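Start from chain A and add chain B according to the hints.
Residue numbers (this note's numbering), protein chains in the order written: chain A, 360 to 622; chain B, 38 to 120.
Derived from the structure by calculation, the hints contain no laboratory data.
Nothing here was measured: the structure is a model prediction, and the numbers come from that model.
Glycine is no exception: its CB is placed at the ideal position from the N, C-alpha and C atoms.
Any given hint could turn out to be false.
Stated by the list, open to error - Calculated cross-link-like contacts (lysine to aspartate or glutamate; reagent style EDC-like; alpha-carbon spacing at most 16 angstroms):
1. Lys58/B <-> Glu504/A
2. Lys58/B <-> Asp436/A
3. Lys58/B <-> Glu551/A
Claimed, not checked - Derived, one-sided and incomplete: chain B residues facing chain A with beta-carbon distance under 8 angstroms:
4. Asn48
5. Gly50
6. Ala53
7. Arg54
8. Lys58
9. Ile80
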Amino acid sequence: MSEVIVVTSGKGGVGKTTATANIGTGLAKLNHKVVMIDTDIGLRNLDVVMGLENRIVYNLVDVIEGNCRKKQALIRDKRFPNLYLLPSAQTRDKTAVTPEQMKKLTDELREHFDYILLDCPAGIEQGFKNAIAGADRAIVVTTPEVSAIRDADRIIGLLESNEIKKIELLINRLRMDMIRRGDMMSVDDVVEILAANLIGAVPDDEGVVISTNQGEPLAGEETRAGQAFLNISRRIIGEAVPLMELSKPETFFSRMTGLFRKN
Amino acid sequence: MRDFRVFFKKNSGSIARERLKGVILADRLCCSPETTDRIKKDISQVLSKYIELDHMKVKIRLDISRESGRGVKHVKTIQIKGL
Chain A
360 MSEVIVVTSG KGGVGKTTAT ANIGTGLAKL NHKVVMIDTD IGLRNLDVVM
410 GLENRIVYNL VDVIEGNCRK KQALIRDKRF PNLYLLPSAQ TRDKTAVTPE
460 QMKKLTDELR EHFDYILLDC PAGIEQGFKN AIAGADRAIV VTTPEVSAIR
510 DADRIIGLLE SNEIKKIELL INRLRMDMIR RGDMMSVDDV VEILAANLIG
560 AVPDDEGVVI STNQGEPLAG EETRAGQAFL NISRRIIGEA VPLMELSKPE
610 TFFSRMTGLF RKN
Chain B
38 MRDFRVFFKK NSGSIARERL KGVILADRLC CSPETTDRIK KDISQVLSKY
88 IELDHMKVKI RLDISRESGR GVKHVKTIQI KGL
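Excised from the complex, chain A in its bound form (with noise of 0.2 angstroms):
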């Protein structure tokens, strides 16, 4: 019962990877066995987030050509024991690898994972059709700007015409002090233009640039980002988690502020 999940945007830089990281962190602690494969050829960054980049042998592309065995080049996380890295190469292109060659390699993986996460590529050439190759489920993750919506909604169609039955969508990097003044969309904006079902949102918080940074993913640790990626791994193993009161207690004068802003 292992499930293929792509982790996919369409725009760059709205948190794709920050969120696979994430996500598999909490599956992890949620007792799950779960490898997270980076499948960005050329541009690899899963690695440096997780703070896994100094552990790296083999990679994506010597497994495909098979040039070690899968088990050489699975990365295992010691802070998390069920947790496992298969890194991009870095020195080839997303041409090194097809889409049937992705999706013999995750129904393999299948055997050995209850969650197998794929860090997809911006765009949709090769390298996102190499990412949903083998998926069954897809969480398309998406800020609230025109511009990111724009590309996920572009992406949920591809995904729905490649036959992706499951799409969710993570709305990352939320301000809710923007939204209370009506300079950002909301949530329910977002889902109400992309029609969509929604897996989780996540608060704009200085916490993900730190976790980065250090190396450390933030699932649940107690900033608010962290939570927020814990209860997306609680719902995706099927829990039913409530939305996270995104906004912080109002003041009265916030409110008043807001009460004028908004006509």
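Only chain B this time, still in chain A's reference frame:
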């Protein structure tokens, strides 16, 4: 004076929402935003052939909704305000 205008200005979140709806509609139909505007204009002209329409009061909204897993479904909602 400038500070007062802030209260009456349309906030940027709703501007973003409206712009996105237009862009996404055009993307899904594979046509330009001007084309969707022309479609709306034509629809109002067709309607006015048959019903008395006060053009100032009529607002036509084009919308596409997706039925999951069954490709793209085209739904056109004609909202006639003031009738």
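Results of checking the hints against the structure:
| no. | hint | verdict |
| --- | --- | --- |
| 1 | Lys58/B <-> Glu504/A | holds (13 angstroms) |
| 2 | Lys58/B <-> Asp436/A | violated (43 angstroms) |
| 3 | Lys58/B <-> Glu551/A | holds (10 angstroms) |
| 4 | Asn48 | holds (3 angstroms) |
| 5 | Gly50 | holds (5 angstroms) |
| 6 | Ala53 | holds (5 angstroms) |
| 7 | Arg54 | holds (5 angstroms) |
| 8 | Lys58 | holds (6 angstroms) |
| 9 | Ile80 | violated (22 angstroms) |
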